[in-house]
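Participant: Build the full structure now, drawing on both the sequences and the hints.
Taken in sequence, the protein lines are chains A and B. Residue numbers for the first sequence follow the numbering used here, so the first one is 1 and each next one is one higher. Residue numbers for the second sequence follow the numbering used here, so the first one is 1001 and each next one is one higher.
Hints are not guaranteed to be accurate.
Stated by the list, open to error - So the derived list for chain B, only partly shown, Cβ under 10 angstroms to chain A, looks like this:
id, residue
1, Glu1065
2, Val1070
3, Arg1120
4, Ala1358
5, Phe1361
Unchecked claim - Where chain A lies over chain B, by a calculated footprint (3+ residues, C-beta under 8 angstroms):
id, stretch
6, 1048-1061
7, 1071-1085
As the list claims (entries may be wrong) - Partial chain A-side listing against chain B, Cβ under 7 angstroms, derived:
id, residue
8, Val16
9, Ile51
10, Ile90
11, Gln99
12, Ser399
Please keep in mind that the hints were generated in silico from the structure rather than gathered at the bench. Where is the CB? At the ideal position from N, CA and C, for every residue including glycine.
Protein chains: 2
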Amino acid sequence: MSLIVQKYGGTSVGTVERIEAVAKKVAASHREGNQLVVAVSAMSGETNRLIGLANEISSDTNLREMDVLVSTGEQVTIALLCMALQKLGIDALSFTGSQVRILTDNAHGKARIKEIDSHRLQGALQAGKVVVVAGFQGVDEEGNITTLGRGGSDTTAVAVAAALQADECQIYTDVDGVYTTDPRLVSDARRLDKITFEEMLEMASQGSKILQIRSVEFAGKYSVPLRVLSSFEEGPGTLISLEEDDQMEKPLVSGIAFNRDEAKLTIRGIPDQPGVAYKVLGAISEANIEIDVIVQNVAKDNSASITFTVNKTDLSQAEELLGEIANDLGALEVDSDKRIAKVSIVGVGMRSHAGVAAKMFEALSNEGINIQLITTSEIKITVVIEERYLELAVRALHSVFELSEPGTEMT
Amino acid sequence: MSLIVQKYGGTSVGTVERIEAVAKKVAASHREGNQLVVAVSAMSGETNRLIGLANEISSDTNLREMDVLVSTGEQVTIALLCMALQKLGIDALSFTGSQVRILTDNAHGKARIKEIDSHRLQGALQAGKVVVVAGFQGVDEEGNITTLGRGGSDTTAVAVAAALQADECQIYTDVDGVYTTDPRLVSDARRLDKITFEEMLEMASQGSKILQIRSVEFAGKYSVPLRVLSSFEEGPGTLISLEEDDQMEKPLVSGIAFNRDEAKLTIRGIPDQPGVAYKVLGAISEANIEIDVIVQNVAKDNSASITFTVNKTDLSQAEELLGEIANDLGALEVDSDKRIAKVSIVGVGMRSHAGVAAKMFEALSNEGINIQLITTSEIKITVVIEERYLELAVRALHSVFELSEPGTEMT
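Facilitator: And the structure:
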């Protein structure tokens, strides 16, 4: 008998009919002898409907009351799912975040979980019940309702799985697993059976939106095996787990992530002085603009240049700030480029293998694609290229690392 | 400075626009220097929408989960009303039934309030906040969400007023007060400035649907002055309070209530034996059929006959049961009549005055209306008549007791 936490998102519970389909999946797993906790989101569209009501009053509403409002979305789903389970003869019991006692800080709208009281959940499980928990919500120490921010139901599921020391946390989504790259771009993209937490994090941070980054971090931290599956199709999905669990040799490259949401900014000819990077990037960060890739060079005349990327929506503000900084520092010029894309190859196999970067650069060179920036981490190599070459680059890399052919890239 | 509890029903908060209108009323009273607690219902239509979702799954849903579901309706309203108040510069704070801690028994769907923890509410009031409480809902000792049954928001308001020892509990509705009788039937029906709890109870039990009976009982028990006002018009409404508070002499008759929802059943020629009434009515009650007026006679031959009324929806079931009972008891016959109506005159003045009943019967006789049954209580006289004479009877009684002319009926 395994203890499994399942999570179904808004699309999976978008109608009563779909809730009944979810109930069937849950019931099947329960009848196989598993203990089950199910975390659910609001029915798709419901959160937006509630926010719409608030916006009729004001666009700048009180965050505490906003949480009181939107948390009703998941509360509706837990009740309906329990009813659907009971109709199938399954004894089910619902819990709001407050009833579980998912204790969070008081940062309304983006609260962080501090502690989960597993007492009531354990009691219900031991009584043979299927437990249905409202995702996305918690309660602070004063009893105020909090929400974890959009997509927070994944985090709820993982946190509950960690608190209960569940055997697996299954995240049901509208895709049937994690792919080597976006199948809409590369037709022979392949579903991965397994991937490590680190790889998943690198994939997710590069625009693979299947799972919330926080939930993957959380799962990694507490070693909760995470499985991504489809709500609508049968299939094993992708298991995200610790590398150590994996008996097989790891492939060099597990997947290719990409992102076209960023723009590039460069400041050139900064007279050399200590702390230049801090002076440039500190001011940008203070304006709450998130900085991604950063590269710094020193020219022959000892003047420095710094290039970094920001989200396209922050570009004009960042440009303005950078202009002021250039003045202060006596830098020569500032320029920016929106027509860029980031492409990353990700794989824990890189750790023990040289030559992966060279292979990547060669592949891009063969296609005539110029690399503007390069950054590397232990398990990821990222390049910034011209946006119009993005699809060509992804397809070339997918092919050169043989990602469509399972197993062949093992060493 | 007064402490006032206000209650706004579903129609009063039916749209965001109306919620903003309620916020203006609340803000005005707050700016006059009153401390305010506001209890609200779900936006009109919302509870039915939620029940509709449940009914898509099953018509026989789990009551605990039904409470989890429908309690979201008021939770949405409290958040939106707080936002609307905050937009007007009023510091407002919302509480669900569980957050107040409105402790109830665990009779889901029809829970009764056991205790209200006034601690958090007092704290918020003392901090100068307007407190907004979700009506209709509470929490049992195990932390399960409960609801008080439909219309229970009135009860919430009264119970909170009692717990806080409020100066007045104001129930805002779609009518501007309690009338001497239904103004749709009698055009010169008059709004009453004052009425006693007892009179209001008798009026309510006879089909005057302005207030929930339970909330009036509750208000009477804890001596909470209750005022019925219109959400949509200005005006003093009707104050419902203890008779003792009233300096004026009471009128003989305060109002006329009526009801056409009942049917009459008669069982005749029951051989005389002890416990006949119990044998007949006990079986009906056991089938959960509510019995209203009961009259028993003994004929010259010592055989008994019993007549009683039930709701029309229960008639066919009651007829069937009564047929079996008649067989068992060896009674002569059973008959029933749907085309009846009940009319009552209500007034605490009756206690100290004879002749009221005679005046009533004379008025009906003058109109050629035959009285089929009569029952009386200390402050109410009820007759059952043919349904087609109902309007005639109500108008005649309204006139003979001079209800359209305030003050004239004082002794």
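Participant: Run through the hints listed earlier and report the numbers of any the structure violates, in increasing order.
Facilitator: Checked against the structure, the hints that fail are numbers 4, 5, 9, 10 and 12, while the rest are satisfied.
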